[in-house]
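J.: Residues in the sequence shown are numbered from 25 upward in steps of one, following my numbering.
It should be emphasised that the hints constitute simulated quantities derived from the structure, not laboratory data. All C-beta atoms in this analysis are idealised placements derived from N, C-alpha and C, irrespective of residue type, glycine included. One should not assume that every hint holds.
[What the hints assert, rightly or not] Label pairs and their calculated CB-CB ranges:
1) E156 to Q106: 35 to 45 Å
2) Q106 to D135: 13 to 23 Å
3) K94 to E156: 15 to 25 Å
[What the hints assert, rightly or not] The calculated DSSO-like cross-link candidates involving lysine-lysine, where the alpha carbons are at most 27 Å apart (straight line), are:
4) K136 to K101
5) K110 to K182
6) K205 to K228
7) K182 to K228
8) K94 to K108
9) K136 to K110
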Amino acid sequence: MTEKNIDYNKQYWNEFYKNNHKLTPSQFCVSVLTELADQTCLVELGSGNGRDSFYFSSQGFVTVAMDLSKQAIESCKQQATQRKIKHASFYQGDLTSSSDVGHVIAKARTDKKEGGDMAFYSRFVMHSLDDEQEQAFLGILSEQVLSGEKVYFEFRSKEDENLDKHFGNHYRRYVDTAVFKQRLDAAGFELEYEVIGQGMAKYKEEDPFVARFIARKVNN
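Could you build the full structure based on these sequences and the hints that come with them?
T.: Here's what the structure looks like:
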């Protein structure tokens with residue numbers, strides 16, 4: 025199930041990012057920006073075409089990003105070179121692979137400015153993972169995120185399941201937020217902020233139900 029989903033997602037997103045180069049930052053990205061301390065190094069896990077990573081880096085934050093799609097990462101690297109962006113780096117990898125995620129986070133810890141914080145960002149990723157993958161990803165975050173560091177999540181919640189979608193032909197698992205909160209707690213995270221609703225991720229005629237969580241690591 026997991027391997028099949030990974031292969032399917034690779035194929036879908038490689039095709040998707042061949043033609044999707046919009047770099048306007050998401051609403052979530054702009055809101056998270058106001059939460060970050062100066063000198064923060066941001067790790068984006070599931071960066072897509074890099075629009076949020078590029079925006080974070082344009083605001084002076086060292087940004088290290090990872091995505092499953094080789095097509096998306098190659099495009100991000102080309103964009104970074106063309107735009108002469110020197111403090112954003114991009115890696116292809118699987119969020120359910122401890123070695124892939126660990127490599128990217130280790131790179132970020134090396135790149136971060138002295139005295140700066142680390143923060144982790146994952147937008148519209150959780151609902152693209154199946155249940156087994158979600159648990160694997162949270163387990164990896166539990167191992168890799170240090171006490172006091174925060175993870176910023178945005179994803180489609182259960183309430184969005186029956187609404188119309190602009191892009192409706194790929195895998196989605198609408199996240200049960202009650203279960204997700206239990207898993208965060210079990211992984212050693214404390215929920216600092218949560219909101220579920222519409223009006224936060226509008227795209228053309230679509231206004232999805234999304235959840236936004238800020239989780240702080242409290243146990244190593």
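J.: Which of the numbered hints are not met once you compare them with the structure shown?
T.: 5 and 6
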